[in-house]
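Participant: So you can see what is in the structure, the chains are spelled out below.
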Amino acid sequence: MHQIFFSQYVDSVLLVAFAYAVVTIGLQVTLASGQFSVAHAALMGLGGYAGGVISIKWNTPFIVSLIGGAVVGGIIGAVLARILVRTSGVLLGTVTIAIGQAASIIMRNTNSIAGVATNGSQGLSVPSRTTLPWAFGCAVAALAGALLLRRSRPGFAMLALGKDETVARSLGVSLLSTRIWGFAAGGALAGLGGVLLAHNNGVIEPADLSFAHEPLFFIFLVIGGSTTPWGAALGAVGMWWLQEFLRFPWSSDNTFLFLGQQDRYWILGVILVVVVLYRQRGIIVRRPLRYRGVLTSEPSPSLPVVVPS
Amino acid sequence: MTSFIQQIVDGLASGSLYVLLALGFTLVFGVMGMMNVAHADLYMLAVFTFVWVAEDGGLGNIIGFLAGTAAAVAAGFLIFVIVLRRVQRTETVALFVGTLGVSYVIENLVAKIVNFHDRAVPPLFDTKLWRVDGVRLVNSDVVVFLATLAIGLSLLFWLKSSSTGRLMRAVSESPSLAEVVGISTSKMMGLAVVIASLIAGVGGLLVGNQTQGIGPFVANDVSLKMFAVAVVAGVGSVGGAIIVGYALGIVESFTVAYVGSTWQNVIGLLAMVVVLLYRPQGLFGRYSRVG
Chain A
1 MHQIFFSQYV DSVLLVAFAY AVVTIGLQVT LASGQFSVAH AALMGLGGYA GGVISIKWNT
61 PFIVSLIGGA VVGGIIGAVL ARILVRTSGV LLGTVTIAIG QAASIIMRNT NSIAGVATNG
121 SQGLSVPSRT TLPWAFGCAV AALAGALLLR RSRPGFAMLA LGKDETVARS LGVSLLSTRI
181 WGFAAGGALA GLGGVLLAHN NGVIEPADLS FAHEPLFFIF LVIGGSTTPW GAALGAVGMW
241 WLQEFLRFPW SSDNTFLFLG QQDRYWILGV ILVVVVLYRQ RGIIVRRPLR YRGVLTSEPS
301 PSLPVVVPS
Chain B
310 MTSFIQQIVD GLASGSLYVL LALGFTLVFG VMGMMNVAHA DLYMLAVFTF VWVAEDGGLG
370 NIIGFLAGTA AAVAAGFLIF VIVLRRVQRT ETVALFVGTL GVSYVIENLV AKIVNFHDRA
430 VPPLFDTKLW RVDGVRLVNS DVVVFLATLA IGLSLLFWLK SSSTGRLMRA VSESPSLAEV
490 VGISTSKMMG LAVVIASLIA GVGGLLVGNQ TQGIGPFVAN DVSLKMFAVA VVAGVGSVGG
550 AIIVGYALGI VESFTVAYVG STWQNVIGLL AMVVVLLYRP QGLFGRYSRV G
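Protein sequence lines correspond, in order, to chains A and B. For what it's worth, my numbering labels the leading residue of the first sequence as 1, then goes sequentially. For what it's worth, my numbering labels the leading residue of the second sequence as 310, then goes sequentially.
So that you can see chain B by itself, here it is in the shape it has in the complex (with noise of 0.2 Å):
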């Protein structure tokens, strides 16, 4: 019983990561109709930018930490600038290939910096290990679950009352209607590329704490797991993705402990086959979404 709580909370910990990738994912998939390959390479840049900037250059964790979750802001904006705004809806191979792009860019520029080897993180706060009943739990996993919690659930809330949060579904439901009545669905859009920036930057800093390591080519399997989490979920469902995503997390701690850790990487794509043969819109989507 002790083994069995204890895959629960390692799922739970790393299910987090999957978590904060996928709600902006799924937040810019829904309101732009989209998909942004190069979002979890926005996770990599922040954590090598802290890196640089707290070990490197010495100035410490708090300049770094707001120096990564800066650069994966900027990143993200100029990712939207450049090219999500301006390529064309109707070419569905362009639109994905563009973003394959600039993930191929951010990550083979990253290495070429980094000479394509991995490098330590330094932690942010000591780490210190408790046992509750047997179960092991890590503070910085602790943190990293409550703040996805946090995070996950402001956004939702975000967008289920504020002024700006309902603009930002209007547009997701219907980007003419929307435009027609009059709300800026370029603004909306932008602004929903910057709050998924801004998770990812901020997310994936306090995994990079976690996990305590950063190569430039880590969001070749995360992405995969992102797409993964927000198709199973419902592409543009921010509740739907944050329940998936803690689930994969913990199906993937079950299945290393019992099945073999080979099989890891696989299980969350297999189950989003599987779901999309039953429900071509997800677990939790209303719209299925055309292109």
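Okay, chain A solo, but in the shape it has when bound (with noise of 0.2 Å):
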């Protein structure tokens, strides 16, 4: 009995654990791209809100409502990246801020989309569809696209503007384009981890979009390390499961020592500052991109020599 309770808890664990993990691949696919983006709990929770009225309104195959919540998330991340390519840095950060709250607000006083209610603040009832594979696979897929993006031309393009802007663009990068491809891409990720989220949970709130989750995923990325998906992917699953053994679930009153279950938060805010100061690129880093070739030149020609008679 408690061996069956035991597994379904760490199912339970893992399957949020994958979830998360593809919003914060999208997050790093966004951030590689040059865009410090903090909206990405508003998109996940905006491509949360659309798989749930898919799924409600028309009963889809769970697919549909996956692929409807990503495709939602990344066009908003496409149109945010196109009203703000004029701004970047930490402004762009602190817009996306805003952005992020508004959506959190706007949705706070929405009560209805597509004929399917959505309640207002408290929130989308969402029918329970998530299982362990599809968050596994989802996972998986978002890894495996992230890493294959990093191979391709604009994943290239992506990552050129994210390490020097004037740079990339004196090489003909369109700064634009690449940027909504950024956004786009890191909003996909976001919205089909709201998907999953939403599905889990059984329900999707206005206060799911707010800042208030944004440092969730900032804690996976920055301590996973933010140069790269595998970063991502590890640091949301390792994080979440920190938090998780954190709660001292062996413990009947979930108590470890002087520790409650309510100091996780904290720990896991001391654990981020030190990452931050002795690791900031975080645990996982990429190896810097080099030229894998023949490194051999023809020898300078020498010059003939003149001895002097």
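Hints should not be assumed to be uniformly reliable.
What the hints assert, rightly or not - Cβ pair distances, simulated, as ranges: (1) B:Leu446 <-> A:Val116: 47 to 53 Å; (2) A:Ala141 <-> B:His426: 42 to 48 Å; (3) A:Phe258 <-> B:His426: 19 to 25 Å; (4) B:Gly367 <-> A:Thr255: 30 to 36 Å; (5) A:Phe256 <-> B:Ile314: 57 to 63 Å; (6) A:Ser112 <-> B:Ser483: 34 to 40 Å; (7) B:Glu488 <-> A:Leu176: 32 to 38 Å; (8) A:Leu175 <-> B:Phe434: 52 to 58 Å; (9) B:Ile314 <-> A:Phe245: 53 to 59 Å; (10) A:Val274 <-> B:Val503: 20 to 26 Å; (11) B:Leu592 <-> A:Tyr9: 52 to 58 Å; (12) B:Gln521 <-> A:Gly115: 41 to 47 Å; (13) A:Leu175 <-> B:Ala379: 47 to 53 Å.
By construction, these hints were calculated from the structure, which means they are not laboratory data. From a predicted model like this one, the values you see are computed outputs, not experimental measurements. By construction, the Cβ of each residue, glycine as well, lies at the ideal position given by its N, Cα and C atoms.
Put the two chains together into one complex; each comes in its own frame, and the hints tell you how they fit.
Facilitator: Take a look at the structure:
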């Protein structure tokens, strides 16, 4: 009996961890394209709303809801990138905080979408459909997609723009289109993760979109490693495990020594600060790109030796 | 007409908090080029320290006030020494996330201490209500407004005319050039952080006296408005922060009166997006700071 309970517990923790991994990979893709987005919790929530509305209105197979959520997240991301093309760096981050918060408040004041009641601040009730294989499949697909993107030409363009905007533009990388693709790809993954989470929790609320949820993804990403999708994926899974571990599930009253389960938030904060101070790029760091071809060159022609006579 | 003037008075009262926090935030942003997300938490920390010392400790308002201010300054200085000074400037994400982590730690530690409950703040002085031609005036609002104006203008004057203020502006304009001509940039940065924390502490206590309540997560909403004010005014622009902070307060109070209280928190954020689309350096900003 204990064994069954335990394995279900592990399943539920892993499921949420994989869904968060999808969102965090999306955040990594957008950040790698040089756009400091703090709106991914909002994109995730809007994707979750879209997936939930599709599930309820047309009672579609789950895959359709997933695709729908991803498409909505991607389109909103692309629109954001287009609007915010003139700002960058910390300012872009600040504006995206504002947009995320605005999205949360707008959803709080919205009572129905396409004839489906979203109930304002109480949130939309969603059928429970996410299973562990779905979550795992989406996480693997997201990781594979993000890794493949890095090997493609648009992916190189994003990396170049993220590294140095001026140099990238002078080499002919289009700022606008690369930024739009970067934000759209990240937003699509965030939306996908949002559909998974909404169909696991059974509800999606406006509060899920707000800035209060944003630190979570940055904790995952920055501790895991912000330079590679692997860091995002492993950071999300590992840190989610850690925070479940800090609830001390083996103890009957969820305490350990003098620590209770409420203490996990500030412990995570301390871990985050320490990692930022001592390992700015996170635990898993990408090897720098380098030219892997043959590095031999013609010997420089030697000057004829003139012997003075 | 009376209700119109009442909205402006209320807006000036609530805008004072935004001005007080945005002043310090924009000063640190200008001098260090770093956004300190944990800045609004200093306000929360000061008010909670005041409640603990003055009410739980029974030491009275004056010692409580001093303890609250000291707590804010000490916390601000610790954040500077431990985090702000040591994070690499080139890693934008690490910069932002480091102070976000600090804010997370402060909020959740305080929340843990008070069991995730809000607290009532004992008043510094008896509340009096005046009516001038039908417009309500509360004495705690008037005190906050006048104190904010005094703090803001004296900071502006100090930056403009004192020699240390001039050095600070030099660091704000170009840290590397300031270093070259022999200004100790790290000293100026520390000073900016201490001044910012002092303003957040003193101002926060006056605002706590005005709102008479404090919760551990109050900084989340407030810091968004603080960002909005600083960014719309232009980062590093102290005078702009005063004007924009009061303007935001007035616009919010009109929104509550004529549109609906649910939209109160979104107006400033939307204004920020619109301003940044057309003036990425802000309304009063002369320089656009990269990173």
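Participant: So, for every hint listed, does it hold in this structure?
Facilitator: Verification of the hints:
At roughly 48 Å, the beta-carbon separation of Leu446 (chain B) and Val116 (chain A) lies within the given 47 to 53 Å, and the hint holds. At about 44 Å, the beta-carbon gap between Ala141 (chain A) and His426 (chain B) stays in the expected band of 42 to 48 Å. The given range of 19 to 25 Å is respected by Phe258 (chain A) and His426 (chain B), whose C-beta atoms sit roughly 20 Å from each other. At about 31 Å, the CB distance of Gly367 (chain B) to Thr255 (chain A) agrees with the hint of 30 to 36 Å.
Checked against the hint of 57 to 63 Å, the pair Phe256 (chain A) and Ile314 (chain B) passes, with Cβ atoms roughly 58 Å apart. The hint said 34 to 40 Å for the Cβ distance between Ser112 (chain A) and Ser483 (chain B), and at roughly 54 Å that hint is violated. A C-beta distance of roughly 37 Å is found between Glu488 (chain B) and Leu176 (chain A), which places it inside the suggested range of 32 to 38 Å. Take Leu175 (chain A) and Phe434 (chain B): their Cβ atoms lie about 56 Å apart, and the range 52 to 58 Å holds.
Checking the proposed 53 to 59 Å range against Ile314 (chain B) and Phe245 (chain A) shows it holds: the Cβ atoms sit about 58 Å from each other. Distance hint for Val274 (chain A) and Val503 (chain B): a CB-CB separation of about 24 Å, consistent with the stated range 20 to 26 Å. Judged by the Cβ atoms, the range 52 to 58 Å given for Leu592 (chain B) and Tyr9 (chain A) holds: they are separated by roughly 53 Å. For Gln521 (chain B) and Gly115 (chain A), the hinted distance range of 41 to 47 Å is satisfied, since their beta carbons lie about 45 Å from each other.
Evaluation of the 47 to 53 Å hint for Leu175 (chain A) and Ala379 (chain B) yields a pass: the beta carbon distance comes to about 48 Å.
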